[in-house]
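S.K.: Below are the chains, spelled out letter by letter.
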Amino acid sequence: MSDVLTVQGLTVTVRDKTLVSEVDLTVGPGERVGLIGESGSGKSLTALSVLGLLPEDVVASGSVRLTGVDHDLIGADERRMSRVRGRELAMVFQEPMTALNPTMRIGDQIAEAMLIHRTRPGRGAARSAALELLERVQLPSDLMRAYPHQLSGGQRQRIVLALALANDPALLICDEPSTALDVTVQALVLDLIVKGVVARSSALLFITHDLAVVATVCERVLVMYGGRVVESGPVGEVFTNPRHRYTQGLLAASDLDTADRRLPTIRGNVPAAGQFPSGCVFRTRCPHATDICAGTPEWTGPVADGFACHHPAEPVSSPRLPAGGAHA
Amino acid sequence: MILRLIERTGVLLVSLAVSSVLVFAFMAVLPGDPARVALGVNASEQAVAELRQQFGLDRPLTTQYVDWLGGLLHGDLGTSYVSKAEIGPQVFDRLQVTLLLVLAGMVIALLIAVPAGTLMAARHRKVSGLALSAVSQIGVAVPAFLAGILLIMLFAVKLGWLPANGWTPPAQDPAMFLQQLILPALALGLVQGAVLTRYVRSAVLDVLREDYLRTARAKGLRPFQALWRHGLRNAAVPVVTVLGLQLATLLIGAVVVERVFVIPGLGSLLLDGVSNRDLLLVQDVVMVLVIAVLLVNFLVDLLYVALDPRLRVGSR
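Chains P and S are the protein sequences, given in the same order. Those letters in the first sequence? Residues 1 to 328, per UniProt numbering, in order. Those letters in the second sequence? Residues 1 to 316, per UniProt numbering, in order.
Please keep in mind that the hints were generated in silico from the structure rather than gathered at the bench. Since we're looking at a predicted model, the values are computed, not measured. Please note that the accuracy of each hint is not assured.
[To be verified] Some chain P residues close to chain S (C-beta under 7 angstroms, calculated; not the full set): (1) Thr-98; (2) Asn-101; (3) Asp-108; (4) Ile-116; (5) Thr-119.
Glycine residues also receive a C-beta, built at the ideal position from the N, C-alpha and C atoms.
Just need the whole structure built from these sequences, with the hints factored in.
M.R.: Okay, structure coming up:
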């Protein structure tokens, strides 16, 4: 079965700075893929490039193909992109407090998502569908007439999720959907996201910096650093058997079993945008870096399960499975 | 909502009361005796005393104030010391003229500002946006009376398309009314429109940066649709504030523009009152202008609530 999303050689630049370079990624039908990395690693820009909603001055190149859409999403005009957005491709953003129009009733905002693409025959049908969506995200039906300011952050994020799922998109992109929420409602929102995509057999591209969240939500993960994908593979494998030195550091820094001692940190800071070193982007912070790291490391393994490191960590247990197990 | 209405009404009533005291007090402390001023320096003491008695100017100021205010509440603005004519009918006649002029100016200002400001915001990085900015900057710097004179020179004197001045009531001859309205309304509206354009631009720019506009785009709305459906009402809140302030400016601007275009409005009446030393007339006209401005502010306050549900306290 062909992939839902295929990104090839995605490069994002702002004026002379390169923020994301040569990102390849695929998401299979119904697959849940995590995109992890620190702030400034290019995760959100990757997502916004797919959606075609990059800020002014920020330019994407490369290729982004979505199943059921007969044109490349990169460079497509607004008219064509607006037919894809909200229909085949939907997104949940990080900040729920500001994501909804403060002067429009909740019910109208959800119904609008369906009316734009005419996926329901009329206003009445869209409203009853909106009501149903509201129930699916476990919110009371009287919120239809409420305004966003009357809702909590968690409730608002569930509204955003409801309107993103309104047209049963082939791919849902979530950019840190639970980061701005209280811990108590994080789990609920994540659960609703997974249930929502599973019920529609939608694929999910899930962006986060929280490794525990990736472990619960996703099947496969891509690790980004400095605007590049440095490692990818099934979640279980990448987390137990990281090969890239950055992934290794990231895992060590968030090791949940080490409650009684200080967590090891990755030394140094993430460089400012466009200030990453040539060659291996991690070499300035990597304890294993040598002279050969000045050259860009080759990708080892298939796109969906591999890494790009000159000095990979030794496999802890069995070596990686060959290609084919990627969509496990 | 009800609570806010009561609160705003209270504020309106208090400001009306305070401003009536201020207007009255200001006229009262002006040096010179109104009766003497009305009759001129050569009038005899006796004539002045008679006039004082006739208009109750010999009574204590508080009595005079209460009398004036009571009249105001009934729409009775008193009798002029100079012309001995009823002031009320004149003021209300002239008020209609001025309101029509101000309204026309406001409509023109909005017709200019909303599209131009939105366009400038949407293209704020492009040459066309900058060019519009520059034009509006010039507009801001031109006073209304100068705009009026320039408009007369161009459209009335040079091109002869429109009458240079005059006023015809709309009921009498609607076509003539419109022809004569265009130039003074433009003189008022162009300048206010240029000012307002800058506020519309910044309000739209702010809205364009909002997350909910990105959500609207992510739903599948094209940029302009997203701005129209989700941005306009949000951008309207700050613009309405400025609009309220501008209406006050427009009323003042009308005073001058009426003079330039020889329009029998409140402004001309005020200036006539000043040159004839008709103090009560001036006092009444100023008070009517103050009431108009306060009413506009009251309406603006209510409009906020209609526009922004976050201001509806206690609603669920």
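S.K.: Now tell me, hint by hint, if it's right for this structure.
M.R.: Quick rundown of the hints versus the structure:
1. Thr-98: 4 angstroms, holds
2. Asn-101: 5 angstroms, holds
3. Asp-108: Violated, because the Cβ-Cβ distance from P:Asp-108 to chain S comes to roughly 10 angstroms (cut-off 7 angstroms).
4. Ile-116: Check passed: Cβ of P:Ile-116 comes within 5 angstroms of chain S, closer than 7 angstroms.
5. Thr-119: 10 angstroms, violated
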